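So the protein lines, in turn, are chains B and W. Position one of the first sequence corresponds to residue 0 (numbering that gives the first Met the number 0), numbered consecutively onward. Position one of the second sequence corresponds to residue 0 (numbering that gives the first Met the number 0), numbered consecutively onward.
Hint data in this document are derived by calculation from the structure and do not stem from the laboratory. A few of these clues could be false.
[Unchecked claim] Taking lysine to any residue pairs in the SDA-like style, the calculated list, with each CA pair at most 25 Å apart, reads:
no., chain 1, residue 1, chain 2, residue 2
1, B, 63, W, 404
2, W, 211, W, 252
3, B, 100, W, 173
4, W, 408, B, 106
5, W, 450, W, 494
6, W, 310, W, 283
[As the list claims (entries may be wrong)] Here are the simulated distance ranges between beta carbons:
no., chain 1, residue 1, chain 2, residue 2, range
7, B, 145, W, 370, 42 to 52 Å
8, B, 60, W, 483, 38 to 48 Å
9, B, 145, W, 279, 49 to 59 Å
10, W, 399, B, 125, 20 to 30 Å
[As the list claims (entries may be wrong)] From chain B, some residues computed to sit far from chain W (all C-beta separations above 10 Å):
no., residue
11, 76
12, 110
13, 209
None of these values were measured; they are calculated from a predicted model. Just so it is clear, CB atoms sit at the ideal spot from N, CA and C, and this is done for glycine as well.
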Amino acid sequence: MSNLSNLVPLEALDRRAVLKQIALGAAAAGTVEMAEAQHVHEATAAEKAKGAYKVKEFTAAEFKTLGRLAQLIVPADDVSASALEAGAPEFIDLLSSQNAKLAEIFHGGLAWLDAEMNRRYEKSFVNATEKQQTEMLDALVAADKVERTRLTEEAGYRKSGRYNDFTNYTVARAGSLGPGVKFFDWCRRMTVDAFYTSPIGIKDIGFVGNGAYTKYETPQAAIDYAMKRSPFKA
Amino acid sequence: MPQIPRTTEEYDAVIIGSGAGGGTAAHVLTAKGLKVALLEAGPMLDPYKEFKEHQWPYDVPHRGADEGGAEYFGKGKPFGYFSTTSGGWELEGEPYTVGEGSQFTWFRSRIVGGRTNHYGRMSFRFSEYDFKPYSKDGLGFDWPISYSDIAPYYDKAETFIGIAGSRDGIPSCPDGLFHTPPPPRVHELLVKKSCDNLGIACVANRRAVITKPLNGRAACHYCGQCGRGCQTASAYSSSQVQVFPAMKTGLCKVLDMAMAREVLTNGNGKATGVLYVDKRTREHKIVRGKTVILAASACESSRILMNSKSKEFPNGLANGSGMLGRYLMDTVGFGLSGYVPALEGMPHYNTDGYGGAHLFMPWWMWDKHNKLDFPRGYHIEIGGGYGMPGIGSFQGAARRYGYGAEMKKQARLAYGCNVGFAGRGEMIPNIHSYTEIDNNVVDQWGIPVLKFHFKWTDYEWKQARHMEKTFADIITGMGGRVTGLSAAQREADGISIPGSIIHEVGTARMGASAKTSVLNGYCQTHEVKNVFVMDGGSFVSNPDKNPTLTINALAWRACDYLAEELRRGNV
């Protein structure tokens, strides 16, 4: 990351001056003077110190299963921690506590998962070995791919266009894994979202924006890198 | 029957709507010392409370999925939780209907500043030929004005609003008075190289964002979040740049939560004011004015005029021609994305910039129509870069790679390697696309609602197919591969849903003859001299340029005319 000499570190901005200006600026004022027109950056520096999260919707066992799923879906590696540390179970619990439809999807799905694990391995999901857990998830991913291919084809022939509601899925071809496919899709999308919207995930992916600058520049090193790898080498 | 309360004050102008047209009218008229009342169907805007600029997704417990994960169910805000207060295609209690066999979706904002608080801020002048399309290819209709009539007002609007761009001498997209634009990002440089090889013009974008201070507004600080609203007003919005300063003069009275119902007339061919519903109390109220300016958005303004029925105007106000509601247009939209391996592993840098693309492609075949199977043209908008992660950003990687360590690795590798292209093209106005009052339905304010009819024709479908091929050529030219829609999906959904591009214009078009048009070249109704329409309703055609800048310029010109006519006692 070169060439960012024009960066104004957010910490350098005098927040009090900004807040004062904004307090003076009534709704009707609209604009603020340039000299003080720096931003209120809400909690940009660091994640707020979190107290212990109080689980709202799920049982202790359900919440633990969500945590294990978070560790498997976005695992820790040499770059960053897992989705568990990034708060995925808390995210799913909070939204489920606000939405009966979502709660139903997760209560039902988690129960289905344990029932299926018991049928296969005579163990609940969290008590199974990692190999058994990933076998289960691999089966769901495989069934999901088959199902998705079919849905994509079908979508093309439906003129309706926008499709927003996952609960309208038909899972006819997924066989006995049908309910699991639907649940895993929800669990994965929300776990992945929780991870990449957390400070851990944002750092992992390498997003370096959301700042205030006096000038915009594109680093020459990045231009050279991409040009060399493109068809426009010259 | 108790009398409806009315203002004692008779304003020089009553303006309905506070967006691009209404905001411009409020600014221009108060600058001339005229007193105006500005009606807005939504609440007052407080940028410091409502603009979610610079928030991180983790600043809110739901991370942007909204309460109860509404985003997951398609019930969140249209452009995501962090976008600014802006209304949507469906408003609670304010329905509209769509005729059988038609598809149309109607976006409405209900807040001071309207859609200018969040819009894309692309600011392109119409070209000379855009005002005379019928003369050029025999389709549609010519405007009663020419480029030379509006050019001085493009100058005024650009100077006041502030547009960053570069002067490129391209006849299809005339140069304006610009602030210095920011340099292109890496993916945009690749796009430009690919366009160079294909003979497609690719130049600095033109957006209503200032890159040097202007009238107390700060220069852009390159956070790229214009869609969330800009607290420093570096990105133009009519609320911050026009309405709030107009209020400061003491000459502009804003009546918020005021849903205009009809324009009132005196039986002698003149308007006397506006009857509106105060949404806070559900009371009917009257605001009196020497002139009335409708700027409620194209269709909403026509709705008000059509609902303004009297003995004198049985078909609605200014509708003697029967043209009110006719020739509704939206922009032709089509999008395609691609994956560019050359960008894999690039050292990450900040791609926020001034929001939106730093380059764009103006229509490059304006003089080569003999080589095409469709009339008119389109411009191309570019997407890409290392965007701020949000809800849904990594769904693609998750589905492709299942889960686990490999998925995490692939998400990292693919981040920032996608480019997207959106075509924005011109439709030909047609008789199947119009709006009318649905006599069977009223909204929660008791006002009869609009019924929409809309059809794309072969002209538009063929243009969309040309977009598709062009975008695929650009992507493969960069060494990339096309992702996104399958062939079957394109066949079904290969063109935007009418209304979804939110460039709906027309329905009160201007023209030389009172027999075939609603307005004259000054946005004044042919029939009622003190009634004007200053939003997109006046458009005779809908060129491949986003409409806002032209709405600003037309409104400015109309206000100069209105003020002079008022002074002379002609209106």
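Comparing the hints with the structure gives:
| no. | hint | verdict |
| --- | --- | --- |
| 1 | 63/B to 404/W | holds (21 Å) |
| 2 | 211/W to 252/W | violated (31 Å) |
| 3 | 100/B to 173/W | violated (53 Å) |
| 4 | 408/W to 106/B | violated (30 Å) |
| 5 | 450/W to 494/W | holds (22 Å) |
| 6 | 310/W to 283/W | holds (21 Å) |
| 7 | 145/B to 370/W: 42 to 52 Å | holds (45 Å) |
| 8 | 60/B to 483/W: 38 to 48 Å | holds (41 Å) |
| 9 | 145/B to 279/W: 49 to 59 Å | holds (55 Å) |
| 10 | 399/W to 125/B: 20 to 30 Å | holds (28 Å) |
| 11 | 76 | violated (6 Å) |
| 12 | 110 | holds (20 Å) |
| 13 | 209 | violated (6 Å) |
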